[in-house]
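Undergrad: Here the structure of chain W is known, so what remains is to put chain B in place on it, guided by the hints.
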Amino acid sequence: MPDTSSPAEAPGRGGRAASWQTRSSGAGRWLVSGPPLAYLLVFFAIPALIMVAASFTPPGEFGGLAPLFEDGKANLTLEAYERFAEDPIYLELFVKSVLYAAITTLCCLLLAYPLALLVARSARKYRDLLMLLVILPFWSNFLIRVYAWMIILGPQSAVSRALNAVVEPLGFEPVSLLFSSFAVLVGLVYVHLPFMVLPLYANLEKHDPALLDAAQDLGANAWQRFWRVTFPLSLPGVWAGAALVFIPALGIFAIPDILGGTESTLIGNVIKQQFLETRDWPFGSVLSIMLTAVALALAGLAAWVSRPRRTT
Amino acid sequence: MALLEIRNVTRRFGDFAAVDDVSIGIEAGEFFTLLGPSGCGKTTLLRMIAGFDLPDGGSIVLDGKDLAGDPPERRPVRTVFQSYALFPHMTVAGNVAFPLRMAKVDRAEVERQVKLALEGVQLGGKADRYPHELSGGQKQRVAIARALVTKPRVLLLDEPLAALDAKLRGELQLELINLQKDIGITFVYVTHDQTEALALSHRIAVMNHGRVEQLDEPSRIYGLPRTRFVADFIGHCNLFDGAVVATTPHESGALVDLDVADLGRIRAFTKGQVTPGTTGSVAVRPEKIRISASVTQGEDENHCAGHIRDFLYMGDVTVYIVEARGGQRVEALLANSEAGRTKFFEAGDAVEAAWRFDAGHFIPG
Numbered sequence: 001m002p003d004t005s006s007p008a009e010a011p012g013r014g015g016r017a018a019s020w021q022t023r024s025s026g027a028g029r030w031l032v033s034g035p036p037l038a039y040l041l042v043f044f045a046i047p048a049l050i051m052v053a054a055s056f057t058p059p060g061e062f063g064g065l066a067p068l069f070e071d072g073k074a075n076l077t078l079e080a081y082e083r084f085a086e087d088p089i090y091l092e093l094f095v096k097s098v099l100y101a102a103i104t105t106l107c108c109l110l111l112a113y114p115l116a117l118l119v120a121r122s123a124r125k126y127r128d129l130l131m132l133l134v135i136l137p138f139w140s141n142f143l144i145r146v147y148a149w150m151i152i153l154g155p156q157s158a159v160s161r162a163l164n165a166v167v168e169p170l171g172f173e174p175v176s177l178l179f180s181s182f183a184v185l186v187g188l189v190y191v192h193l194p195f196m197v198l199p200l201y202a203n204l205e206k207h208d209p210a211l212l213d214a215a216q217d218l219g220a221n222a223w224q225r226f227w228r229v230t231f232p233l234s235l236p237g238v239w240a241g242a243a244l245v246f247i248p249a250l251g252i253f254a255i256p257d258i259l260g261g262t263e264s265t266l267i268g269n270v271i272k273q274q275f276l277e278t279r280d281w282p283f284g285s286v287l288s289i290m291l292t293a294v295a296l297a298l299a300g301l302a303a304w305v306s307r308p309r310r311t312t
Numbered sequence: 313m314a315l316l317e318i319r320n321v322t323r324r325f326g327d328f329a330a331v332d333d334v335s336i337g338i339e340a341g342e343f344f345t346l347l348g349p350s351g352c353g354k355t356t357l358l359r360m361i362a363g364f365d366l367p368d369g370g371s372i373v374l375d376g377k378d379l380a381g382d383p384p385e386r387r388p389v390r391t392v393f394q395s396y397a398l399f400p401h402m403t404v405a406g407n408v409a410f411p412l413r414m415a416k417v418d419r420a421e422v423e424r425q426v427k428l429a430l431e432g433v434q435l436g437g438k439a440d441r442y443p444h445e446l447s448g449g450q451k452q453r454v455a456i457a458r459a460l461v462t463k464p465r466v467l468l469l470d471e472p473l474a475a476l477d478a479k480l481r482g483e484l485q486l487e488l489i490n491l492q493k494d495i496g497i498t499f500v501y502v503t504h505d506q507t508e509a510l511a512l513s514h515r516i517a518v519m520n521h522g523r524v525e526q527l528d529e530p531s532r533i534y535g536l537p538r539t540r541f542v543a544d545f546i547g548h549c550n551l552f553d554g555a556v557v558a559t560t561p562h563e564s565g566a567l568v569d570l571d572v573a574d575l576g577r578i579r580a581f582t583k584g585q586v587t588p589g590t591t592g593s594v595a596v597r598p599e600k601i602r603i604s605a606s607v608t609q610g611e612d613e614n615h616c617a618g619h620i621r622d623f624l625y626m627g628d629v630t631v632y633i634v635e636a637r638g639g640q641r642v643e644a645l646l647a648n649s650e651a652g653r654t655k656f657f658e659a660g661d662a663v664e665a666a667w668r669f670d671a672g673h674f675i676p677g
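Residue numbers (our numbering), protein chains in the order written: chain W, 1 to 312; chain B, 313 to 677.
Among these hints, one or two may not hold up.
To be verified - Label-pair ranges, simulated between beta-carbon atoms:
{"no.": "1", "chain 1": "B", "residue 1": "Gly-627", "chain 2": "W", "residue 2": "Leu-37", "range": "56 to 62 Å"}
{"no.": "2", "chain 1": "W", "residue 1": "Ala-162", "chain 2": "B", "residue 2": "Gly-381", "range": "44 to 50 Å"}
{"no.": "3", "chain 1": "W", "residue 1": "Asp-208", "chain 2": "B", "residue 2": "Gly-381", "range": "51 to 57 Å"}
{"no.": "4", "chain 1": "W", "residue 1": "Trp-139", "chain 2": "B", "residue 2": "Arg-324", "range": "40 to 46 Å"}
{"no.": "5", "chain 1": "B", "residue 1": "Ile-489", "chain 2": "W", "residue 2": "Leu-31", "range": "54 to 60 Å"}
{"no.": "6", "chain 1": "W", "residue 1": "Ser-122", "chain 2": "B", "residue 2": "Arg-532", "range": "46 to 52 Å"}
{"no.": "7", "chain 1": "B", "residue 1": "Gly-627", "chain 2": "W", "residue 2": "Ser-122", "range": "48 to 54 Å"}
Said to hold, decoys possible - Residues from chain B shown here face chain W by an in silico Cβ test under 7 Å; the list is partial:
{"no.": "8", "residue": "Phe-393"}
{"no.": "9", "residue": "Ala-397"}
{"no.": "10", "residue": "Met-414"}
{"no.": "11", "residue": "Ala-415"}
{"no.": "12", "residue": "Pro-530"}
{"no.": "13", "residue": "Ser-531"}
Because the hints were derived from the structure by calculation, they are not lab data.
Where is the CB? At the ideal position from N, CA and C, for every residue including glycine.
Extracted from the complex, chain W is given alone in its bound form (with noise of 0.2 Å):
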């Protein structure tokens, strides 16, 4: 969101800042920014690189990876990547993992904003209160909600006799939901649901409610004053919110190991075949550095086309 703070009517402002943070230099700095930076250093930019170095290793005899040095040479391969360029199988899954996520995106979203906008617009006092049934899910164990699902979608289930209650007489094959790509994309969506829901109302909270006032004197009606002022304002919530929810959607397997079927099987199923069950670490490797690339540019596409500009 722009900032709404005016530089013209605190000229001392950006001084006083400057002064505060050449003070503050130095070893404090290191003390407050230091541990955090160790943890991810230790625990994410290393087993990165880790990764990256494995893919270009063999396999080793009884899975893992062969010694990284032997006979006094470096012992590096092209063979995974190779193995991924030959088959269009990987390539397949990666634009079906894509597009299951973009689907659970777009899901949450339209499940997610009217949902947080209702709480941005209730009273203060009940605010908390609703943003806390929101997240009351996380509450329980994410395996035991998955499998909650396996139930309401299961074939005696309510649902889906229910559905088949009139699907049947219609004169079509009885419908199973449960083990399809409708059951993953279900459970993909309830799942992330409150990751797309925070980081809206965290933005629509904070919306002025004067501006909704100002457009309406202005002439424009309750489409217009969502479309032209608080859709507008709340892009930086959706995009987050995208984010949060796109990005763990890409890579996940719990749910389409639980959910799908054969045909949901996703990137992230295959990523934990070849680390757990194949043990082929460097074609894993492959796999995962890959898919972080692509989570990576489609991040910098969206940052490009939600980037700020002179619009009127």
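TA: Same frame as chain W, now just chain B:
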């Protein structure tokens, strides 16, 4: 008939009447001010004219048409909000174009009118700026240009200068007066600042507890306050409470003699009919009272002896608090017209205070 008729308008919040049976007629081309302390109902009344709130009783009629059925977006009135409420995601030009776009004005015409409107408020060069890149005064001018670009019948201004510093406020007051004179649109201005109201308005309605205490021209609001509240709220005022003992007809009203407990007998002017025995207050502005070291009682003057208790040096003037022999405090104001001189008297000095009979204004009640 007036352009904007507020007829017996009442607005209740539970048991509390925020606006209580108010009737005001505002003329075309008028700079009209609703003045009062916070909670007096002036903003509620303004919001009802804009359409953001609806009266529980009475009606608001513009140009002979009752506005009751029209939501804010369909009323030919525009509001300048206290916070300006500029759209932060739109440029200055985008903000000003907004009401034109809502009115489905075609593109070329939008551009032409935005340009004109921005030139009208000396912001022609800032069309591509965002609100956060503007100073407070510039934001206010954008808000005004945006509200005026569709040529409303009435412009409502909700304390538009409250957020600005004193010096800028003075400049913008002049700009507002000139702008209103140039375009001739009716302004309804809400403020709690009495000097602002006096400086800007053709007429002022002083409000208190949801009612209009007095509706008059600024000079009469200041000079002839009709109620104790108006006298006290507008500027500084000495209020001497007492009971009328005699009246003498004088010009268009009467002179009343009053016994004031801590001061003695004083004489004041009243426009209305007053009978002996009536209690009330005499309002005397501090600048109408002259103080001197020796008795110099002129004709037609009230007079009292006392001593200086305190004084406040304000730069242009010094305010002296005189304690009369009876104990009544009298506030007097002397202009510091001599260079280098900050005061004429010291605390404790024995002085005489005097003011003309017709400088005092009797308010019954």
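Undergrad: Determine for every hint whether it applies to the structure shown.
TA: Against the structure, the hints come out as follows:
1. Distance hint check for Gly-627 of chain B and Leu-37 of chain W: the Cβ-Cβ separation is about 57 Å, which falls inside the suggested range of 56 to 62 Å.
2. Separated by about 46 Å at the C-beta atoms, Ala-162 of chain W and Gly-381 of chain B satisfy the suggested range of 44 to 50 Å.
3. For the hinted restraint 51 to 57 Å between Asp-208 of chain W and Gly-381 of chain B, the CB-CB distance of approximately 28 Å leaves it violated.
4. Under the hint 40 to 46 Å, the C-beta atoms of Trp-139 of chain W and Arg-324 of chain B, about 45 Å apart, fit the expected range.
5. About 59 Å separates the C-beta atoms of Ile-489 of chain B and Leu-31 of chain W, a value consistent with the hinted range of 54 to 60 Å.
6. A hinted range of 46 to 52 Å for the beta carbons of Ser-122 of chain W and Arg-532 of chain B is consistent with their spacing of about 48 Å.
7. Range check, Gly-627 of chain B to Ser-122 of chain W: Cβ separation about 51 Å, and the 48 to 54 Å hint holds.
8. Satisfaction of the interface hint for Phe-393 of chain B is found here, the shortest Cβ-Cβ separation to chain W being roughly 5 Å, below the 7 Å cut-off.
9. For Ala-397 of chain B, the shortest C-beta to C-beta distance to chain W is roughly 4 Å, which falls under 7 Å, so the interface hint holds.
10. Among the interface hints, the one on Met-414 of chain B holds; its C-beta lies about 4 Å from the nearest C-beta in chain W, closer than the 7 Å criterion.
11. Here the hint on Ala-415 of chain B is kept, as its CB sits about 6 Å from the closest CB of chain W, short of 7 Å.
12. Nearest Cβ of chain W to the Cβ of Pro-530 of chain B: about 28 Å, over the 7 Å cut. The hint is violated.
13. Taking 7 Å as the C-beta contact cut-off toward chain W, the hint placing Ser-531 of chain B at the interface is violated, the least distance being around 33 Å.
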